Amino acid sequence: MSILVDKHTKVVCQGITGNQATFHIKRSLDYGTHVVSGVTPEKGGEMHLGLPVFNTVKEAKEETGANASVMFVPAPAVKYAMKEAVEAELDLVVCIAAGIPLKDMLEVKSMLKGSKTRLIGPNTPGIITPGEARLGIFPENIHQKGKIGIISRSSTLTYEAVIETNRANNLGQSTVIGLGDDMMIGIDFIDALEKFHQDKDTKAIIMLGRLGGTFEEDAAEYYKSLKHKKPVIGFVAGDAIPYGHKMGYAGDVIAQGNISAQDKKEALEKAGIIVVNGINQIHEELLNLFPAK
Amino acid sequence: MNIHEYQGKQILSKYGIVIPKGRIAYTPTEAKRAASRVSLRGPWMLKAQIQSGARAKGHFLEERAGKKGGIRLIKSRRDIIKNAEQMLGATLVTPQTGPKGKLVSRIYVEAFTKVKRVFYSALVIDRMVPAISLLVAELGELDINELALKHPEKILKIDLPLNQGVGLEQIREVLEFLKLSSRSARSLKRFINGLHKAFLENDASMIEVNPVGVMANGQLIALDTKISFDDNALYRHKDIAQLQDDYEADERELQAAKYKFTYCEFDGNIGCIVNGDGLAMAVMDELQDKGYGAACYLNVKGGVDKDKIASGIKIIMTNPKVEGILINILGGFLRCNLIAEGIIAAASEVGLNVPLVVRFEGTNKDEAKEILQHSKLPVIISDEMDEAADAVIRAIEESD
Numbered sequence: 010m011s012i013l014v015d016k017h018t019k020v021v022c023q024g025i026t027g028n029q030a031t032f033h034i035k036r037s038l039d040y041g042t043h044v045v046s047g048v049t050p051e052k053g054g055e056m057h058l059g060l061p062v063f064n065t066v067k068e069a070k071e072e073t074g075a076n077a078s079v080m081f082v083p084a085p086a087v088k089y090a091m092k093e094a095v096e097a098e099l100d101l102v103v104c105i106a107a108g109i110p111l112k113d114m115l116e117v118k119s120m121l122k123g124s125k126t127r128l129i130g131p132n133t134p135g136i137i138t139p140g141e142a143r144l145g146i147f148p149e150n151i152h153q154k155g156k157i158g159i160i161s162r163s164s165t166l167t168y169e170a171v172i173e174t175n176r177a178n179n180l181g182q183s184t185v186i187g188l189g190d191d192m193m194i195g196i197d198f199i200d201a202l203e204k205f206h207q208d209k210d211t212k213a214i215i216m217l218g219r220l221g222g223t224f225e226e227d228a229a230e231y232y233k234s235l236k237h238k239k240p241v242i243g244f245v246a247g248d249a250i251p252y253g254h255k256m257g258y259a260g261d262v263i264a265q266g267n268i269s270a271q272d273k274k275e276a277l278e279k280a281g282i283i284v285v286n287g288i289n290q291i292h293e294e295l296l297n298l299f300p301a302k
Numbered sequence: 005m006n007i008h009e010y011q012g013k014q015i016l017s018k019y020g021i022v023i024p025k026g027r028i029a030y031t032p033t034e035a036k037r038a039a040s041r042v043s044l045r046g047p048w049m050l051k052a053q054i055q056s057g058a059r060a061k062g063h064f065l066e067e068r069a070g071k072k073g074g075i076r077l078i079k080s081r082r083d084i085i086k087n088a089e090q091m092l093g094a095t096l097v098t099p100q101t102g103p104k105g106k107l108v109s110r111i112y113v114e115a116f117t118k119v120k121r122v123f124y125s126a127l128v129i130d131r132m133v134p135a136i137s138l139l140v141a142e143l144g145e146l147d148i149n150e151l152a153l154k155h156p157e158k159i160l161k162i163d164l165p166l167n168q169g170v171g172l173e174q175i176r177e178v179l180e181f182l183k184l185s186s187r188s189a190r191s192l193k194r195f196i197n198g199l200h201k202a203f204l205e206n207d208a209s210m211i212e213v214n215p216v217g218v219m220a221n222g223q224l225i226a227l228d229t230k231i232s233f234d235d236n237a238l239y240r241h242k243d244i245a246q247l248q249d250d251y252e253a254d255e256r257e258l259q260a261a262k263y264k265f266t267y268c269e270f271d272g273n274i275g276c277i278v279n280g281d282g283l284a285m286a287v288m289d290e291l292q293d294k295g296y297g298a299a300c301y302l303n304v305k306g307g308v309d310k311d312k313i314a315s316g317i318k319i320i321m322t323n324p325k326v327e328g329i330l331i332n333i334l335g336g337f338l339r340c341n342l343i344a345e346g347i348i349a350a351a352s353e354v355g356l357n358v359p360l361v362v363r364f365e366g367t368n369k370d371e372a373k374e375i376l377q378h379s380k381l382p383v384i385i386s387d388e389m390d391e392a393a394d395a396v397i398r399a400i401e402e403s404d
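Protein chains in written order, with the numbering used here: chain R, 10 to 302; chain B, 5 to 404.
Next comes chain B alone, as it looks inside the complex:
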C-alpha cells in the first residue's frame, strides 16, 4: 500500500527527520490559509498529491489548469489561489500514471527551502542478503532505475543490521561517497537512523526520500518522499491502513483485494484466472508466444470460499477489455470443484458473454469437470496448458 507525500513526511518527521513546513489543502481558500501559516513572505511550493513519481514533469489534461506541471514554485501570495484553483479537481498525467492520469483532490502547500545540493536515498529490502539496505546516489539527469541499469557503481548500498542503528564507519562511508562535508555527519546519522526506525516500526516495504536536500549549514532535509507499506503487515497498523486512498487504486484491484486475491491489468485481451503468481506468469508467457496477451489476471491463491471465488470470477467476466477467459487451476490447497461452482455462480449473475476455456489439474479435477459438463454453460474444457491457450485464442478469432 502507498500513501501520499504529505502523509509520508508526517511519518518521517515523527522519527526526527527534518521536513519543510507544510500543510494540506483541499480548496483554494485552504491553500491560501496554509500558505500564510507555513511562510509569511514565501516563496512557496504547491504540490499536487497524487501517488506517482515525476509529478514535476507531468502536465494537466484540462486546459484551465495551465501549462505548468504538478509541482509549482509560487512567489506571490496572489498566485497561490490562482494555481490552487487550476490544480484542484484537474487531472495530472505523469510518465508513471498512464495517459488517463490521476485526479488531484488535494495539494500540499510547503515553505520553499533553499538547499545547496540534493541526493537520492532509499531503504529497500534486498531479498538476496536478506536485509534492509540503504541506497544513496547522486542522480543527475537519470532516475534511480536508469542509474541502477546503466551505472550501478554510482549507487552506494549498505546493508543495515536488523536491530541496531548505523555505525560511525557507515556514516563516514556515505559522507565520502556523496562528497558531503563532515558538518553533515550528525544530521546524516539522525536521518538514516530515523528512516530505519520508521521502516521497521511501520512495516514499510520501501521508503524513498528523493531528493534529500543539503542546507547551507550542512543539515539534511527531506524534500519529497514515497513510502510503501507491506500489505501483509497492515493488520498490525490500523493507523496506516486507514490512510489508503481508494481514489488511487484501481476499482477491480480493490474488489479483488477485498477477497484477498490479487488482480493485475495488462495490455492484451484475454482474462486469466489462475492460482499462483508463477502460474500466472507462465500462462501469460504462453499467450505471448502465440502472439496474444493478457488483459488482466486474477490470482485466487488458495481460496476455499466458493462465494469469494465467484465474486473474483465476476471481476474478470465484467471487464470490458476481456474478449476471452482462460482459467488454469492446479488444485492443491485449492480444490478445483470450488472453481467450477464459482464459474457457474458468477455466470448466472452477470452472464457469460465471451468464450471461456478451463483447464483443471490436481485436487478434485474430475469432479470439477463433471460439474461444468452438467451446467450447460458453453465452456471449453482442456487438459493441457498450451492446448487451453490455443483453444481460447481460436475461440476469440472465430467470434470476431
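Chain R with its partners taken away, still in its complex shape:
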C-alpha cells in the first residue's frame, strides 16, 4: 500500500517534449511508472518516448484515462498548465518547476480551492512510491519499498531522510512526498499526515520542516488532535539562520510573528512528535521504534 500514487496511477506528462521531461519520464518509465501520455501544445498527434502526445490535458484524459499529471513546464507557463489540469479534473498534479511568480501562485491556490485536483509542489522532487510509481525527479536508486512515510518541505533533504530509512535495517519507504521548497505550496503536512495515517502499510512517518511559515505548528496541532497516532519523527532546518536574515521572506515576521526553527521543534515535541536535531539521527530513532529482531 501507499498514498496518492501507486502502480494503477495513470500519468500524463505536461511538457513532455522538453529536455528535462524527456530525461526524467524515460527514467520513470524504466522504473515501471504507468505513464500513458504527454501534453505539449501544438505537438498533438506526435509520439514521444513511445507515448501519444496531445494538445490539451482534457484530450489526454479522454483518450488515455490519465488521472495524474507530472508537470515539467517552465515557471512562467505553470499557471496556464495548472488551469488545464484543474479544468480536466485530474486527481493529482506534481509541479516540478521552481521560480513561479508569487502572484501566479496566489491564482493557482485560488483555482485549486473547491476543485477535485490536489497539487504537490511547486519546486518539488515530486512523489514516489518505491517499486510502483515515480512522478518527478527522485534519484530512484536510493529508494526501496518499505513501511516509512516521508513528508518534506526541503527537496534535497528528502534524499537524506530516504537514506536514513535504509540505514535503519532497510525499513524502506511506503511513499515519499516532497511538498515543495516554495513560499506557497499545494498539499501540506496535514494532508499528507492524514493520508499516511489511513495507509495501513505505513508504520511510522518522517516529517522534515524548515524555517518560514507555520506549516510545522499547524501540523503539530493536527497531530495532537488525532486519536490513533502513528509515530512521527520530526526535523526542522534553520537553527543557524540569524533572526531577520534576508534568506527568509521579511513579510513572515509581521504576518506570523517571529517563528524560529527552535519554536517549531518545541511545537512538534509538545504534540508528541520525536524531534531530532541532526538529520542523521533519524535512523537511530527508527531503530528505537523498530528494533532488529
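Wrong hints could be hidden among the right ones.
[To be verified] Pairs of lysine to any residue, SDA-like flavour, derived with a Cα cap of 25 Å:
#1 K161/B to M256/R
#2 K212/R to L296/R
#3 K92/R to H241/B
#4 K161/B to Q265/R
#5 K325/B to H254/R
#6 K122/R to Q207/R
#7 K230/B to Q265/R
What the hints contain is simulated information worked out from the structure, not anything from laboratory work.
Fair warning: this is a prediction, and the values are worked out from it, not measured in the lab.
Knowing the structure of chain R, use the given hints to seat chain B on it.
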C-alpha cells in the same frame, strides 16, 4: 529586488497615492535647484537614498558629513547646499546596513509636509492563507518587527481578495482600529486600493508605507515607502528590472544571481556549496552544532550547465573569508558529475588554496567521485553529511 524610496514613491503616485512633492539630486547644485522647484520657502527634507530602513537613526562615517543622520529637516535655502555637500559621496551607517554602511550617491529633496499624526501600513503575502494582507498599526517607539513580536494584537491584518478592492466594511474596520476620523474614509479607500493595485500590477512581494501621514484635512500622504519586487516575476517588468541599483547589492550575490544561483553571507569561516535552501540550512545547523559557522553558501539549485557551476564555485573559492569549503550535493535534477567537473574547472582557474570536502549522493555520484579521484586535487571525499562537516573542521584546524 528592492528599489529606492523616490522610485517607490513615483510608482505609488501613479496609483493615486498622495506623496510630497519631491525631486532627486546627484549634486549639491541639483539639490538647490530641486529645492526651489518643490517648495518656494521650505522647509525641506533632504533624504539620503540608500536601501535601508532607519536612515534617520543612522550616522555618517566621514567627519565632513556632520553629526546628523541620513534624513534631515532643512529650514533655510543656504543649508540645502551645505547639507547636500555633506551627504553626497559620504557613507551612511544605519542599524540595518552593518558597520560598513552604504555610499550615498543621490539624495531626495522633498517639500516638508505637516501632518497631525502618522501610522504604519504594509501589504505583505501571508503564505499560510494564502493572500495579500494589509497590515496597519501605530508603532510608537517600536519598529514593526518588535511590535509583531511583543504586541501582535496591536497590528490589524486584513486579507484582501485577489481580484477586487477593499469594501466599505474593511475601510470602517481600519478607521476604527487607527481611531481615524471618518473624514479620512475616502482617502483611506483610495490609499489601500492604490497599494493593492500597485502590488498586483508590478508583482511586488512587499510594500511598506511607513509612515503614512494624516494631514489636517484628513487626507493621507505617503511619507516614506519601501517596495520589494518578486525576483521570479521581473521577466515581465523590464521597466522595474532596470531600476536595480548594482551599488546596493553585494558583488558576489550579483554574480551568483547572473547564473540563477543564490548566494548568502554569514559570520563564520566555512564556504558551503549545496543544492537546495533546506539543505543549506541543515548543513549550517550541523556546523553550528560543532561550534563552527558558514561564511557563505551558494545554492546551485538544479543547475545543468557545467560552466555556470564552475563560475559559481569560483565565487566561493575566491572569497577571502572562506577558510574551508564544504560541498554537499544530493543529486536529483542536478547530476553530481557536473559538480565534480565544475570543481576541477574552477580550481584550475583560481587555484584551490583551502581544504575542500565533498559529499555526493544521488544521481551519478560514483562517476562524480571517480572524476575527483583522478583529478589529483587534494579533495577529501566523505559519504555522510556529519562526517563531511567533521572533516572540513578538522582540516581547517590542522591548517591553522
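Taking only the CA atoms, is the gap from K161/B to Q265/R under or equal to 25 Å? holds (10 Å)
Checking one constraint from the list: CA of K161/B to CA of M256/R, max 25 Å. Satisfied? Measuring from Cα to Cα gives roughly 24 Å; hence the hint holds.
Is the hinted pair K92/R and H241/B satisfied, with a Cα-Cα distance of at most 25 Å? With Cα atoms ~23 Å apart, K92/R and H241/B stay inside 25 Å; holds.
Just to be careful, I want the Cα atoms of K325/B and H254/R compared with a cutoff of 25 Å; is the pair within it? holds (19 Å)
Are the Cα atoms of K122/R and Q207/R separated by 25 Å or less? OK: K122/R and Q207/R at ~23 Å, within 25 Å.
Hint consistency between K230/B and Q265/R [alpha-carbon to alpha-carbon, up to 25 Å]: holds (20 Å)
Is the straight-line distance between the alpha-carbon of K212/R and that of L296/R 25 Å or less? Holds, at roughly 13 Å.
Checked against the numbered hints given earlier, this structure breaks none of them.
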